[in-house]
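With the hints as your guide, set chain X onto chain Z.
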Amino acid sequence: MDTTPKKIPLREGLWTTTASPEGAPRLLGSRCLSCGEIFFPQRSQNLCSYCQQSNFEEITLSPRGKIYSFTVVMQRPPVYYHGEVPYAIGYVELPEGVRIETLFSVDDTEKLKIGMDVELVIEKLHQDEDGNEILTYKFKPFAR
Amino acid sequence: MRKFREVAIAGVGLTRFDSYDGKKGRPLKEFYDLGSEAIREALKNAEMSWSEIQTAFCGSVYCGTASGQQTIERVGMTGIPIINVENACSSGSSVFRLAYQSVGLELYDVAIAVGFETMPKGFIKSTAWPEWQRMMGFNVQPADYAMETVRYMEEYGATVEDFASVTVKNRKNGALNPLAKFQSPVTMEEVLSSRLVASPLRLLHACPLADGGAAVILCSKDRLKTKSRMVTVAASVLTSGTHGHAKGGGSVRIHTPSNVEISVRQAWDESGYGPEDMDVVQAYDTMASGELWDLEKMGFCQRGEAPRLLREGVFDITGKLPVNTDGGLMSRGHPLGATALAQIIEIYKQIRGEAGPRQVSGARTGLAHVMGAGSNSGIVILKR
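Protein sequence lines, in the order shown, are assigned to chains Z and X. First residue of the first sequence: 1, per this note's numbering; consecutive thereafter. First residue of the second sequence: 145, per this note's numbering; consecutive thereafter.
So here's chain X without its partners, still in its complex pose:
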């Protein structure tokens, strides 16, 4: 293993996630507007100029060719390498990891990870399935979650009310986040009376789509303008699926650790931490039920135990293990390329003590987990 130096976060930038479609009085913004807005804020936050950035990794899913160049052209053209990354919903975590590695391995001293997206409307027109499977109606992401949800209910006795409670908690947190798409709480009744999307999951069990941009500048410690409340990266891992866990069905015969289990094990190995060391967690709540089994698969509790802990308030901002303190995907909305960086930025703000009304008291460590089609699992651990 090559020598790997400590990597710090110099600054972050995040737009509000929202619809920027120019309709009904909403502003019209393209992905490059949102991405460059996030970059400008990250530069200001880091007290850096664009000329200090030595390499850029840009994550998006639906923005097409050279989306990173189109974005960065708006803040400076300095000839640096710009790499565009499409890695489904894990794109943001993937570009963070590439920036982290390039600084850690001393290829560069200052790198930026950028994520942006202007989303198509409705169900995501994903090409992550072969065409004949799309023609059979399999390309419905909420349906994939619904099928795993039905199994989860059968095996552990979880209920639709448990999943609604995830939405209620996250929307309550989102009401404290001025950058969330949804900044109003919802009740259990509202979730359970929203329309069915893929049984048993309803519209308010699903995160909303959104447009948005996010940027994180990573650097060697000597490039930081100030070391006050310095945040460093304790781990950044990315894994893909394993044979025993093929999409949805998986193998009957082969029992291997899942993608999430492998990635979290690597994250603990890399950081030297364990689940008991995390002060705040951003779990992957693209569908409400997913947050519960995600926490279980990552080892924060036993399988089937998360619904009870949720009811007991363990995952509240004031609880023992606050989860999705910024409202998660459920409130923030889901611009695919930007989502994972927004999760990482929330951890950064929490452990810097800059999370305002949703601040977790005394947070020094935190973990962000994202999943993506394919499958992908990305985990980032930050520490102060």
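Okay, chain Z solo, but in the shape it has when bound:
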């Protein structure tokens, strides 16, 4: 039996690494073909919550955006979160016009600012009880 620790995505379908030849990660979203609204994560099985049509195309989202808002959580939330504390979360606005709630990958949370340029990374969220690395998407500040 293979007991080598594995890297496991938190959830299938949040991102892909096959959208570009370099294997760079891209978040997967949906665009409503009726009204143009963009959703993350994908909602292709549902109706558009704005125009109520069911006419979506699957899209990959821009890996770079700007911080819309953020906070640093100082206390461990109950039960489900097993990552580090404190941790930074917030909303990132992508150029195609969608805001995404995300964790931030940042050494010094004091540096977070509204409007800051950030890019998508796939990083460890926590290690599960079998030693596997659970991966998730985060956004990380970068210098233009």
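The set of hints was computed from the structure by calculation and includes no laboratory data. It is possible that some hints are incorrect.
To give an idea of the chain X side of the interface with chain Z (calculated C-beta under 8 Å), a few residues [said to hold, decoys possible]: (1) A272; (2) F282; (3) N283; (4) A287; (5) A290; (6) V294; (7) R295; (8) Y300; (9) L340; (10) H387; (11) S395; (12) V396; (13) R397.
Sample of chain Z residues lacking proximity to chain X, with all beta carbon distances greater than 12 Å (derived) [what the hints assert, rightly or not]: (14) T3; (15) P21; (16) A24; (17) R26.
Listed next, the in silico DMTMM-like pairs over lysine to aspartate or glutamate satisfying Cα-Cα at most 20 Å (straight line) [what the hints assert, rightly or not]: (18) Z:K113 / X:E299; (19) Z:K111 / X:E298; (20) Z:K66 / X:E292; (21) Z:K66 / X:E298; (22) X:K316 / X:E456; (23) Z:K111 / X:E292; (24) Z:K66 / X:D288; (25) Z:K140 / Z:D117; (26) Z:K66 / X:E299; (27) Z:K113 / X:E298; (28) X:K527 / X:D366; (29) Z:K124 / X:E275; (30) Z:K113 / X:D366; (31) Z:K113 / X:D288.
Every residue gets a Cβ at the ideal spot worked out from N, C-alpha and C, and that includes glycine.
Relative to the frame of chain Z, chain X by itself:
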């Protein structure tokens, strides 16, 4: 639209909100003890017996299956319909509205709205997020408020001192409320030196959790035992979120009125009042910053203007528009199912002239607003 008759409040009952966990000398009370205590007081207040109650709506969030039946079993089993409602922090406003509608539409003449909760400790273990989002640490209610707070500071120049001033005002009011969990004032320095919860918000920017029960009996006017200082319902509305205002981020492209704006517009339409007609307001202060933008979104002032009005004393008990006269969630504590009914009861007491040392002089009208995860927005307007 069907004919809708005037609905009066026959009586109210409210327990002290506190920790009833049986530890450190505190009494141990379950949600059904607190709920039934509130019902007994409401019956006494209305001079009614349980047999006069024709239907019951019970709000709670963490009390599980048939919590209303377990509560009401302690005051009487008369075979009436008992409906349990979970609508997050708006549960109390939701059961009030159901009771109001059932009397207004002449389905029943006497209905009771009950709210109760014994709260889990610490951050609320909310299931209002999908599991993968909880695993990413998104299920932190103070963090949602913190992110809106950071935007509010950026857009309007509000400061952490402004938010601390909300706590200071509400705790000052709470010191006059014998049913509040916290009955002592705090200073600006104490708020700003309390520990960070979700930056920039600190522990004393957040309302405390609490256990408690609340009950309101609504009836047609002919069922009132006395019409002296009669209080009637001018509006009770409930709305859910709109696409342009999805939790936290919202839409970049779509600009629709927010949940709060829609609910307050409906409340003015239903009551025929406007913001200038309100003598006292219970705003939703689950986090201190929320009270400020809540007042703005409801149209009591312009966007970004509330911090200045707060500093000028406009929202004090003696001010032009007293807000959270009983200390709000910040002092009272937050038993989710009971909170909105406690807000409504404070409006009732104020416009009856029964608010004691925190009485707003000459109050005849008042509005209570609550928000809940989902999202929900519940508004009740009472008048004398």
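**OP:** Measure nothing beyond the straight line between the CA atoms of Z:K111 and X:E292; if it is 20 Å or shorter, mark the hint as holding.
**Re:** Satisfied, since the Cα-Cα distance of roughly 18 Å is no more than 20 Å.
Subject >> Hint status (Cβ of X:V396 to nearest Cβ of chain Z, threshold 8 Å) >> reply: holds (4 Å)
Original post:
Going by Cβ atoms only, is X:S395 closer than 8 Å to chain Z?
Top reply: Check passed: Cβ of X:S395 comes within 7 Å of chain Z, closer than 8 Å.
Subject >> 20 Å Cα cutoff - pair Z:K124, X:E275 >> reply: holds (17 Å)
**OP:** Using Cβ atoms only, decide whether X:A272 comes closer than 8 Å to chain Z, and label the hint accordingly.
**Re:** Interface hint status for X:A272: violated (13 Å vs cutoff 8 Å).
**OP:** For the pair we were handed, Z:K111 and X:E298, check the Cα-Cα distance against 20 Å.
**Re:** holds (15 Å)
Original post:
Checking the smallest CB distance to chain X, is Z:P21 really beyond 12 Å?
Top reply: Correct as stated: the minimum Cβ-Cβ distance to chain X is 28 Å, above 12 Å.
Original post:
Under the criterion that the straight-line Cα-Cα distance not exceed 20 Å, is the pair Z:K66, X:E298 satisfied?
Top reply: Holds. Z:K66 to X:E298 sits at ~15 Å (cutoff 20 Å).
**OP:** May I ask you to test the interface hint for X:R295 with respect to chain Z, counting a Cβ-Cβ separation under 8 Å as satisfied?
**Re:** holds (5 Å)
**OP:** Against chain Z, run the beta carbon of X:A290 and see if the smallest gap drops under 8 Å.
**Re:** For X:A290, the interface hint holds, since the closest Cβ of chain Z sits about 4 Å away, which is under 8 Å.
Original post:
Per the stated criterion, does the least C-beta distance between Z:R26 and chain X lie above 12 Å, as a non-interface residue requires?
Top reply: Since the minimum Cβ distance to chain X is about 18 Å, Z:R26 lies beyond 12 Å and the statement holds.
Subject >> Pairwise hint evaluation, X:D288 against Z:K66, where the allowed Cα distance is 20 Å at most >> reply: Holds - the C-alpha atoms of X:D288 and Z:K66 are around 18 Å apart, at most 20 Å.
Checked against the numbered hints listed earlier, the structure breaks hints 1, 8, 30; every other hint is satisfied.
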